[in-house]
Amino acid sequence: MKHLVAEFDAIRARFPSGFDSSLVVPFLRRIQEDRGYVADSDIDALVDYLRVPRIQIEEVLSYYTQFRRKPIGRWHVQACRNVSCSLLGADRIVDHLTQKLRIRPGETTGDGRFTLSTVECLASCGTAPVVMINETCHECVTPQKLDALLETLT
Amino acid sequence: MSNSKLLMTFPVSATSHTLVEYRERGGYATLEKVLRQMTPTQVSAEITASGIQGRGGAAFPMGRKWGVVHLNDGQPHYLCANADEGEPGTFKDRWILENAPHLLVESMVIAAYALQVRNAFVYIRGEFDLPYRRLAAAVDEAYQAGYLGARILGTDVSCDLVIYRGAGSYVCGEASALLTSIEGRKPYPRNRPPRLTVRGLYQRPTVVNNVETLANIVGIVANGAQAFRAVGTAKNPGTRLISISGHISRPGVYEIEVGYPWSKFIHEDCGGVSGGRQLKAVIPGGISTKVLTAAEIEPLHLDNQEVEAAGSSLGSGGMIVIAEGTCMVRLLQVMLRFYHHESCGQCTPCREGMGWLHRIIDRVVAGDGRPEDIERLYQISAWNDGTTICGMGDAAGYATSGVLNKFRDEFEYFIDNKRSRLHGNLECLASS
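These protein sequence lines are chains B and F, in that order.
All residue numbers for the first sequence refer to our numbering, where the first residue is 1354 and numbers rise by one.
All residue numbers for the second sequence refer to our numbering, where the first residue is 380 and numbers rise by one.
So here's chain F without its partners, still in its complex pose (with noise of 0.2 Å):
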């Protein structure tokens, strides 16, 4: 098949990020165009006939969320752009922040017009250095231009657009909690109902996106929806920003057109397994998304509904690739050690049962296991399923479950033997 690109269009150089080169691609015509041309609604009915699901991980469609919000309903709207990424395997947003910066401000600023946004803010990590820099520098260049601000264009729209920085927090990935985060407080992620899109940031209708999702904007509203629905799937329409690493002789961000093959993505175009290994396993959207067999990604192509009706999810893009020789039990302890660290501690299920996984698999890795430690991992992850309020106690259950029904001859070897049948190592050795 074809390999259509809708985002990374242009030549990677030392200055393809800044606003003269982005308007030589181009850039900010879009926007003249709907600010002269186009009414919000249009714009809105654009987005929802595109189809375009979000790329953050939960694949919602944008359109469905942009169609809650009233657009004459006497309320203040909020934007907000979800550039959080803290999803482990995932660095696609990163890309975007620190290569096309302009990109995601132009997309906004249509954004902010299509739900009559005044105010809207990027929550970008506090980790992220270089691209708070390359983005914070293209709001600067924005306002200069008076692509951003009061009267945008000699036009009576205004949207201003503030970067939140964040301090160190997975759980602000969720849009809830992000939300809460920028209002200054701990980011305990809130129920639904209501909807962001009803009651969100100071309880007024927000629309959270994704960055991808959000960079997107600009080519659906300049090439009309039915050009992005020519690429994709029909139920799936669109490119997918994929962010491989691991034991992957050339990770990076790679765009592909949903539907692409999965073997070919990763013999071909990643240049395979690094070292000559054989492939072991695939976790293909970050690590709350289950793990899948090389055997079982063989016949499979890069659709969510694929790899869901194969037990997983293509989640936020994050795949890691896993090398032949790679032991299991010390990966799933690497990923709990994470979701122990990272559990806000709001929901009981969570608080208690990251750091009870987290205690068994380091005890099994210590060679303390007991028989019944793999039924108990099992147990606990049941009991995090659809009992917390965010996702984070349901992913984590997955990564367990996902490792365990894959690799649970290696638990029990582990457990038996007292130590890995596979010499315990995580790194792919070259020389070996």
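Just chain B, with the same shape it has in the complex (with noise of 0.2 Å):
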């Protein structure tokens, strides 16, 4: 984490002052996103440089979906299988997916390339089914547009 320190100080100069708990949650996700997970040392870190209780840091991780306490694959895969996906073929490509990659949700490939996740509702319901990997939102997915997609993410 330490490397992040100097980003770190500019975030805390964008809150009110008084407001260093509430950097739990985006400097947590600062560290997810550059290592991956957030690892025990960088709860440690945290605490140090926050200040906060070490059991508000735990809480956040525990509760909150996206945190993750290890490491996944390259491609994170999450096909959302609530109602408007649902009634739009979500279980369909769900099957595909777990016959196509081999594993089912909540694992992950061999090679470390993708982790299948099943979520709840990524508020694109207009063009459902979605399907989010890593950080973008895929539309109106078929199993023919996934296989194509799949195959370019190494």
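Everything labelled a hint here was simulated from the structure, so no lab data went into it.
It cannot be assumed that every hint is accurate.
Unchecked claim - Straight-line Cα separation of at most 25 Å, SDA-like style, residue types lysine to any residue; simulated pairs:
1. K1498(B) / G654(F)
2. K1498(B) / S628(F)
3. K1355(B) / R544(F)
4. K1498(B) / G631(F)
5. K1498(B) / L509(F)
6. K1423(B) / H719(F)
7. K384(F) / S692(F)
8. K1423(B) / R564(F)
9. K1498(B) / R629(F)
10. K643(F) / K1355(B)
11. K1423(B) / G547(F)
12. K1423(B) / F389(F)
13. K1498(B) / K643(F)
14. K1355(B) / K384(F)
15. K1423(B) / R544(F)
16. K797(F) / D1444(B)
17. K1498(B) / S653(F)
18. K1423(B) / H720(F)
19. K1498(B) / V541(F)
20. K1355(B) / V541(F)
Said to hold, decoys possible - To give an idea of the chain F side of the interface with chain B (calculated C-beta under 7 Å), a few residues:
21. G468
22. R473
23. E477
24. A546
25. E562
26. S624
27. H626
28. I666
29. L801
As the list claims (entries may be wrong) - Beta-carbon label-pair distances, calculated as ranges:
30. Q758(F) / D1464(B): 19 to 29 Å
31. K1498(B) / G631(F): 38 to 48 Å
32. Q758(F) / S1394(B): 46 to 56 Å
33. L532(F) / D1464(B): 33 to 43 Å
34. S392(F) / D1448(B): 34 to 44 Å
35. N602(F) / R1445(B): 45 to 55 Å
Just so we're clear, the structure is a prediction, and the values are computed from it rather than from any experiment.
No residue lacks a Cβ here, since even glycine has one placed at the ideal position from N, Cα and C.
Work from the hints to combine the two standalone chains into their complex.
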């Protein structure tokens, strides 16, 4: 985390004074963007930097679904399966991904290339079914579109 | 009826979200007028006179919410835009964030002036990528142009805006949970009283408004409350952004005048049910609002009063269209899996109840349903009604009892025959 301190100081300057506790979520997001997950050493460093209770950081990490404590594949394939996506074939999409990648939701391929997850509503119901890969939302996906897309992700 | 537009008033292009084009459409002229010619109280009075109701789901009048904040109480006040759009079926705020981010920024600076707020926040859900990038770019542009920061437009008014990204939690869309999340903690909702406008972010008076509600401020202040009231109905003026999805030919975000005929909206504006099927049911405003059958919506208008009289609500405007042939048992399973996943665990009825509901519906779908399961689902829903700190327990119960009330026969068939009466499909396959 040490190499991010200059960036953290800049983020901190944008918040009102007395808002150090608020910085836990943005800093954890930045750490995870950098490392891919949040390591124990990151928690130690954040406790030192922000002077917030360790339990607060642990709670945030365990509560919010986007935070990870372990590395995952280079490409995080997240298929929405909430109502609108289900009405337009989310089950079929998840089945296809499971067969194509030979992993179940929650698992990572042996080569560390893909992690598959199912998620709840990405607020893009008008273009369902949607699959988010890393930071990018892919709309109106079909098995064919996904196959072509996955080829390009190395 | 005519269908006036207040928000979707310009053609969307690859650059229509930028500051240059926003200014060409008259952007930030209202802010200039407010800062130079109006007092904070005059702005608030205009908002109150407009009668605008919150667009996030609860339909609380914005003026009444603002009225609780005392301008001269010697405390810092905070303003927060709720952009944690997470109610399944709802994607209208995404449209504003992607296509009109400056409309939100300008509206928020006007609101900050009216409420004497030095620090404003936009709480945006962590999964939003393009909406976040568009908004962040707009905020940067606004700072550079002097619409945000110290001494805005050379006046002695200052306001800073921070975009706060969530990290994946449905409950954060509830205003008090949202503020707890901005405090960097696990987002447990808070009991009221005290209201958030009395003790909100870090115990200071805080106004939390939905993105769409806030985005209306520029128009209300620019054209006056009377012009706003000329649109919509007397009790619920203005327009609504309706995001429509599911088995519909032309899904997307539509701006409709409150009171627009519902059936016309679905069958004409949105092109009717996809695949030429018959309409079975509609979830009016996010999955937490009770489902209505095709026959029920036929005579109704898109006005919260009418929809509430029919036993549901327009909620957050997230309309989901369900075609004939869709298995409602499977549909409820998807909903209950979601509520189980998202319960924060603070209140016992919701923490235990959501898992219980989910296990029962899973069992029914697996073909192991028991005759008493339907009554049990009702009972757990009732135990959640009014017994949880936030509205999620109630919402899950409404969703459950809504589906059971209207489609009980499908559940009975599924339990008796260990299979769906309708092939168990959720997807509307065009060929069949």
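- Broken hints, by number: Violated hints: 10, 12, 13, 14, 19, 23, 29, 30, 31 and 33; rest satisfied.
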